[in-house]
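2 protein chains.
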Amino acid sequence: MISKNKISDIRKLHQKKFRDAEQLFIVEGRKCVEALLQSDFEVLDIYATEANAKENQHLLGKRQVTLVTDAEMERISTLSTPPALLAVARQSTRRVNIPDEEPVLVLDRIADPGNLGTIARTADWFNIRHIVCSPDCVEFYSPKTIQATMGSFAHVHVQYRPLVPYLREQSSRRRVLGAFLAGESIRSFGFQSSDIIVIGSESHGISPEVEECVTRKITIPSVHTGPDTAESLNAAVATAILLYQAAAKF
Amino acid sequence: MISKNKISDIRKLHQKKFRDAEQLFIVEGRKCVEALLQSDFEVLDIYATEANAKENQHLLGKRQVTLVTDAEMERISTLSTPPALLAVARQSTRRVNIPDEEPVLVLDRIADPGNLGTIARTADWFNIRHIVCSPDCVEFYSPKTIQATMGSFAHVHVQYRPLVPYLREQSSRRRVLGAFLAGESIRSFGFQSSDIIVIGSESHGISPEVEECVTRKITIPSVHTGPDTAESLNAAVATAILLYQAAAKF
Numbered sequence: 001m002i003s004k005n006k007i008s009d010i011r012k013l014h015q016k017k018f019r020d021a022e023q024l025f026i027v028e029g030r031k032c033v034e035a036l037l038q039s040d041f042e043v044l045d046i047y048a049t050e051a052n053a054k055e056n057q058h059l060l061g062k063r064q065v066t067l068v069t070d071a072e073m074e075r076i077s078t079l080s081t082p083p084a085l086l087a088v089a090r091q092s093t094r095r096v097n098i099p100d101e102e103p104v105l106v107l108d109r110i111a112d113p114g115n116l117g118t119i120a121r122t123a124d125w126f127n128i129r130h131i132v133c134s135p136d137c138v139e140f141y142s143p144k145t146i147q148a149t150m151g152s153f154a155h156v157h158v159q160y161r162p163l164v165p166y167l168r169e170q171s172s173r174r175r176v177l178g179a180f181l182a183g184e185s186i187r188s189f190g191f192q193s194s195d196i197i198v199i200g201s202e203s204h205g206i207s208p209e210v211e212e213c214v215t216r217k218i219t220i221p222s223v224h225t226g227p228d229t230a231e232s233l234n235a236a237v238a239t240a241i242l243l244y245q246a247a248a249k250f
Numbered sequence: 001m002i003s004k005n006k007i008s009d010i011r012k013l014h015q016k017k018f019r020d021a022e023q024l025f026i027v028e029g030r031k032c033v034e035a036l037l038q039s040d041f042e043v044l045d046i047y048a049t050e051a052n053a054k055e056n057q058h059l060l061g062k063r064q065v066t067l068v069t070d071a072e073m074e075r076i077s078t079l080s081t082p083p084a085l086l087a088v089a090r091q092s093t094r095r096v097n098i099p100d101e102e103p104v105l106v107l108d109r110i111a112d113p114g115n116l117g118t119i120a121r122t123a124d125w126f127n128i129r130h131i132v133c134s135p136d137c138v139e140f141y142s143p144k145t146i147q148a149t150m151g152s153f154a155h156v157h158v159q160y161r162p163l164v165p166y167l168r169e170q171s172s173r174r175r176v177l178g179a180f181l182a183g184e185s186i187r188s189f190g191f192q193s194s195d196i197i198v199i200g201s202e203s204h205g206i207s208p209e210v211e212e213c214v215t216r217k218i219t220i221p222s223v224h225t226g227p228d229t230a231e232s233l234n235a236a237v238a239t240a241i242l243l244y245q246a247a248a249k250f
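As they're listed, the protein sequences go chains D and V.
With this note's numbering applied, the first sequence covers 1 to 250.
With this note's numbering applied, the second sequence covers 1 to 250.
Chain D on its own, in the form it takes in the complex (with noise of 0.2 Å):
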């Protein structure tokens, strides 16, 4: 059973300024739910319909789940077709110290939530456990941005920071690559797994600061037949190539 006021609790979460207020999150579908089960967040509540909540035992265990008919569930989704299982959970505020060996990608006013989802899928796929994202880029714990990590929001470390002095800081001892309309092509470069790679914005690409903060120019190279061409790749895109070569080398 769910009271109305817990109902509206949770919608209130589909707002960032409550989540930012509350500390918490939404995560919504089995494979989200899943990984949150798996890793550190604490989970405050998991929501399910009796059917569903049998029917995903295997995942749920001995946790204690909440029961809502289809149509609580439908209210207190975001989503269009409400999910299997929802779950409210705290946003971590760890501040993990990123070894100097390890790779790290920032991001530069990532506007477009989906793409923050996809890029931190990516940068699972490839071992990548470290993401810095300008302060301007969108919020990490939406649930548009949580849905698209499939699951992977729980296997990497993000944190939000001023990039030119975090860069400034990190260039004596790191390289900083900038993913560029025109550089050093990606498919010759001998990327190291101590470089930190930054990806611009989808409209704007890196901003003006953060490019003076960057010691190598890097580019995609596209296949050039004449002025029919894309004139750029998306954001989640060339991030996902790039990482896809830079993990060759790694």
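No lab work stands behind these hints, which were simulated from the structure alone.
If you're wondering where the values come from, they're calculated on a predicted model, not measured in any experiment.
Incorrect hints may have been included.
Stated by the list, open to error - List of simulated lysine to aspartate or glutamate pairs, DMTMM-like, C-alpha gap at most 25 Å:
{"hint": "1", "chain 1": "D", "residue 1": "Lys12", "chain 2": "D", "residue 2": "Glu42"}
{"hint": "2", "chain 1": "V", "residue 1": "Lys31", "chain 2": "V", "residue 2": "Asp70"}
{"hint": "3", "chain 1": "V", "residue 1": "Lys144", "chain 2": "D", "residue 2": "Asp112"}
{"hint": "4", "chain 1": "V", "residue 1": "Lys217", "chain 2": "V", "residue 2": "Glu101"}
{"hint": "5", "chain 1": "V", "residue 1": "Lys31", "chain 2": "D", "residue 2": "Glu202"}
{"hint": "6", "chain 1": "D", "residue 1": "Lys144", "chain 2": "V", "residue 2": "Glu202"}
Unchecked claim - One side only, chain D facing chain V, incomplete, derived with CB under 10 Å:
{"hint": "7", "residue": "Lys31"}
{"hint": "8", "residue": "Arg121"}
{"hint": "9", "residue": "Gln159"}
{"hint": "10", "residue": "Pro162"}
{"hint": "11", "residue": "Arg187"}
{"hint": "12", "residue": "Glu231"}
{"hint": "13", "residue": "Ala236"}
{"hint": "14", "residue": "Thr239"}
Using N, Cα and C, we set each Cβ at its ideal position, and we do this for glycine too.
Starting from the known structure of chain D, fit chain V onto it as the hints suggest.
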């Protein structure tokens, strides 16, 4: 000036059934309209506010533009932030013959409009001109897909056809490569420009019938470290990495 009837006609094109019936589609935003105007697509109408028509004079040239108010643009647009330019164009029914030596990207049941558009944009970047979609792929002319192509919709040829007879027929002359979670690593795979590359749906991968037509299974190797790894990649991301690697050999 735009009539109420015209506004209603354009708003109908927000829905697939009317796009199908009229064989028309909507193109929104400066970049996409620019690509449209440089293409062979038949353009029926262009809409802009007076300010935006002036500002984009260099793109529009001598073409007739219907001036609209901000409120009218908001009504005819599918976007939450109305675009500077909006055009209505005729869908292409041109059947392109694909030369045997040109690579083909085959999409099996891609369901997300953003993914389809991003895939077309990436294919364009790597100069892959031919995309063959299964009939149950999402519609290429949906506004979300067109938007996600960032203009590349005008550079790639997309056709919908049943995949099994198509691939059976092709496999006598070309290799049919399918992207799976297990297969030959693409890092060392000898791609050929005559290859057909098949990508499966976001949730279910390549369907069993299509799998039977695949002559080589290929995979994007993940960097494994334990259970805490992403189980798969986003479909547009996987396609991008494949095309990047394949394009190196074309």
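Structure-based check of each hint:
{"no.": "1", "hint": "D:Lys12 x D:Glu42", "in the structure": "holds, 19 Å"}
{"no.": "2", "hint": "V:Lys31 x V:Asp70", "in the structure": "holds, 19 Å"}
{"no.": "3", "hint": "V:Lys144 x D:Asp112", "in the structure": "holds, 14 Å"}
{"no.": "4", "hint": "V:Lys217 x V:Glu101", "in the structure": "holds, 20 Å"}
{"no.": "5", "hint": "V:Lys31 x D:Glu202", "in the structure": "holds, 14 Å"}
{"no.": "6", "hint": "D:Lys144 x V:Glu202", "in the structure": "holds, 16 Å"}
{"no.": "7", "hint": "Lys31", "in the structure": "holds, 8 Å"}
{"no.": "8", "hint": "Arg121", "in the structure": "holds, 5 Å"}
{"no.": "9", "hint": "Gln159", "in the structure": "violated, 18 Å"}
{"no.": "10", "hint": "Pro162", "in the structure": "violated, 27 Å"}
{"no.": "11", "hint": "Arg187", "in the structure": "holds, 6 Å"}
{"no.": "12", "hint": "Glu231", "in the structure": "holds, 7 Å"}
{"no.": "13", "hint": "Ala236", "in the structure": "holds, 6 Å"}
{"no.": "14", "hint": "Thr239", "in the structure": "holds, 8 Å"}
The structure fails hints 9 and 10 (numbered hints given earlier, in ascending order).
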